[in-house]
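Assemble the complex: chain A is given as a structure, and chains P and Z must be docked to it using the hints.
If you want the building blocks of each chain, they are given just below.
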Amino acid sequence: MEKPADRLKHMKQNQDFNLDTIDDKIAFIESILFVSKEPLEPEKIMNFLNCKNIQEFEKIIAKMDESCRQSGRGIILQRAGGGLQLVTKPDIHPFLKDFYTIKTSSKLSIQSLETLSIVAYRQPVTIAEISDLRGVNSIGTVKNLLQKKLIRISGRKKVPGLPLLYSTTREFLLYFGLNDLTELPSLEELTEMFEEKEQPSLFTIKT
Amino acid sequence: MEKPADRLKHMKQNQDFNLDTIDDKIAFIESILFVSKEPLEPEKIMNFLNCKNIQEFEKIIAKMDESCRQSGRGIILQRAGGGLQLVTKPDIHPFLKDFYTIKTSSKLSIQSLETLSIVAYRQPVTIAEISDLRGVNSIGTVKNLLQKKLIRISGRKKVPGLPLLYSTTREFLLYFGLNDLTELPSLEELTEMFEEKEQPSLFTIKT
Amino acid sequence: MNETDIYQVQTEFFEGPLDLLLYLIRKNKMNILDIRISEITAEYLFYLKNCQGINPTLEGDFLMTASTLIYIKSRSLLPRPGSTDEASAEDKLIHTLIEYDKIQKISRLLQEMETHTLLLWKREEVSEHFEHKEFDIEEVSSFQLAEIFLNIVKKKDQEEYLYLESKNYPLDKKIEEILHLIETSEYLNFFEYVDKLDSIEEILVSFFALLEMVKQRLVVALQKRLFDSISVWKNQQTD
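Heads up: the protein sequence lines correspond to chains A, P and Z, in order.
Using my numbering, you'd call the opening residue of the first sequence number 1 and step up by one each time.
Using my numbering, you'd call the opening residue of the second sequence number 1 and step up by one each time.
Using my numbering, you'd call the opening residue of the third sequence number 1 and step up by one each time.
Excised from the complex, chain A in its bound form:
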């Protein structure tokens, strides 16, 4: 770390940062992601870097990702909601929690998760369809998810009464760490995943 005087010297000396090298590009990406609260779309960064080739860009990202994964680094790169984002390494979570003595954020209720599952896989979908599939009136959970911005109104169904249709949002993708909806496993894949471990798993325990 520098004293202010050194810093000035340093500033005058170092005029060789110009985004030409791959390292400069990585440094630039790290700094813009650091100051951005939201995930940034790769296209915006590519435009700025005058990088016309997606393969070239992906090479930069891969190198950056690799260097983040090394030990001695606490931040990693993540794709979420179609954008790039810096987040802390998952392994550090327990220590972060202790350091900040923060309670884990409240999780969604099973009702909300059920309703979200239906919206995610059946979108666009009406409240009547959701309630029908769950066997339970779902107006309350739909409202709750709307307020959490995990779902949105996406139109009206062309049936009598013109009921509102609901779809998932970008917030939904961010919340579950998905890049886009295609990352959700298909129903077939899902059945496979769960046949391996059919017993109720431990993550349902409320602590």
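Keep in mind the hints are simulated off the structure, nothing from the lab.
Predicted model, so just to flag it, every value in this text is computed and none were measured.
In this text, a Cβ means the ideal position worked out from N, Cα and C, and glycines have one as well.
Be aware that a few hints might be false.
As the list claims (entries may be wrong) - Covered stretches of chain P (chain A as the covering partner; in silico rule of three or more C-beta atoms under 8 Å from a C-beta of chain A):
(1) 28-39
(2) 77-91
(3) 177-191
Stated by the list, open to error - To list a few chain A residues with every Cβ distance to chain P over 12 Å, as calculated:
(4) S36
(5) N53
(6) Y121
Frame of chain A, contents of chains P and Z only:
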């Protein structure tokens, strides 16, 4: 970067992060500084790391500082107000500034949103009517929305003074992903949601 | 795992009738594709009767399914003159259960993903004390817009409601009051009088009272110019 399924696998494997090595300590410091907007006192971090010796701590910080200064990094360590802080590398500042002036996002205040909601639901509407509903003079927010092209002048009201009437624009529909105004949720629909009255389930079997 | 964890694991809590039905199917080791729905009716009703793990706010939904189950069961016991009602009701319910089974699997997946993303800290998380006063327009949905408008209308309704409810000024009482004032002071400056009133409603009632008194020829009212005050005297010619 991993796919969600891989990520879940990864989650279960990696349990070897435990702050024992200097690298783990650096990673931890990077992550706590990353999530903190304010500089953190070194003492607080030392306490948490059970690091009783200031020389030892300074050694960790020096190593971290050195690795931040390498090319390919966009964030550096800085001492400010007696605390430690992560900031972007000064060399990158001109590029950061350029990047963020390009990405000017259109922000709306809650006041503007209130006015916009009134225009959306009561159009065509005069400023006097908007001000009356909101209980505050709304000329400013109307001007703001006109500039953002979310509303437009759509005529004059045939009352004394012939005040201007305002309506929403095509841009408005685009922003909110609506095909037409009938797709806006009606107040009845919304009230129903907010009242959450217990209705019989919609799950019925037609026989 | 501590004791409360164990307790939570052992307690069955059903999110709805389908959740309970699936539980019973699994408990009886039935294959979801070829179960006889009517066979688990008794068990379902047992749970319902004992309210085991039944969310009271969802009781109606549980009862609704119970009636379907009883219907299916009763049809299966009666000789059927070529009716396919029972079969279709059962098929529909089984189909719903298969779909619900998938939903539960997706929910569990989402839950795992949620658990994972909660391990990743984003930058703004610790410093949430500064308030977001501005909204990115791209993030506002039509629902939020509607919600904002609903709140404005509600607030406005409340204002008007409270205002009207505040006091009641019957017209005849007002007439009596004004007549009394005129009789004691022989003359009334209407604007001065109205100025002392604290609600628009009372002012309006007073004005109507004045009009009514003029109409009944109880008083004479005079206004020199538009927006001038109105002077009111008792009408001497009525006697």
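Status of each hint after checking the structure:
For the stretch 28-39 of chain P, the proposed coverage by chain A is satisfied: 7 residues have a C-beta within less than 8 Å of a C-beta in that chain, meeting the threshold of three. Judged by the Cβ-Cβ criterion of 8 Å, the stretch 77-91 of chain P is covered by chain A as claimed, because 8 of its residues qualify and three suffice. Given as covered by chain A, the stretch 177-191 of chain P passes the check, having 7 residues with a CB less than 8 Å from a CB of that chain where 3 are the minimum. Look at A/S36: its CB is around 9 Å from the nearest CB on chain P, not clear of 12 Å, so calling it non-interface is violated.
With 12 Å as the threshold on Cβ separation, the claim that A/N53 sits away from chain P holds: the shortest Cβ distance comes to roughly 19 Å. Listed as a non-interface residue, A/Y121 keeps its Cβ farther than 12 Å from every Cβ of chain P; the least gap is roughly 15 Å.
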